[in-house]
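> Sequence:
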Amino acid sequence: KQDVTKIWTTIGLWKTKIAKQMIAEVYRDIHEREGTIESEQKKQDSMYMTTDRQEAEPTKKKLARQFVDERKK
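Just so we're aligned: 33 in the working numbering is position 33 of the sequence shown, and the numbers increase by one with no gaps anywhere.
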């Protein structure tokens, strides 16, 4: 009887692991899509910005966000 429960818990863990991976992938896809939309918006914004400092600011934030995303992976 113990072997049966061991097998079922293994299957359960395996299923949750797969589910977590799938959820993570979906989240990553959504994130990437939002990221592309965001970068398009930033391109448009930077067209309106004239001074160097104003253009440098979003780039700094973008780099910081990329760094954080890399750390999460």
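Hints should not be assumed to be uniformly reliable.
What the hints assert, rightly or not - With a straight-line cut-off of 27 angstroms between C-alpha atoms, the simulated DSSO-like cross-links for lysine-lysine are:
(1) K62 with K72
(2) K17 with K62
(3) K20 with K6
Everything labelled a hint here was simulated from the structure, so no lab data went into it. Note that the structure is a prediction, hence the values are computed from the model and not measured.
> With reference to the structure, classify each hint as holding or not holding.
Each hint, compared with the structure:
Note on K62 and K72: the hinted pairing holds, with a Cα-Cα distance of about 15 angstroms set against a maximum of 27 angstroms. Under the criterion of a C-alpha separation no larger than 27 angstroms, the hint pairing K17 with K62 is inconsistent with the structure, at around 31 angstroms. Restraint check: the Cα-Cα separation between K20 and K6 comes to about 21 angstroms, which is no more than 27 angstroms; the hinted pair holds.
Checked against the numbered hints above, the structure violates only hint 2.
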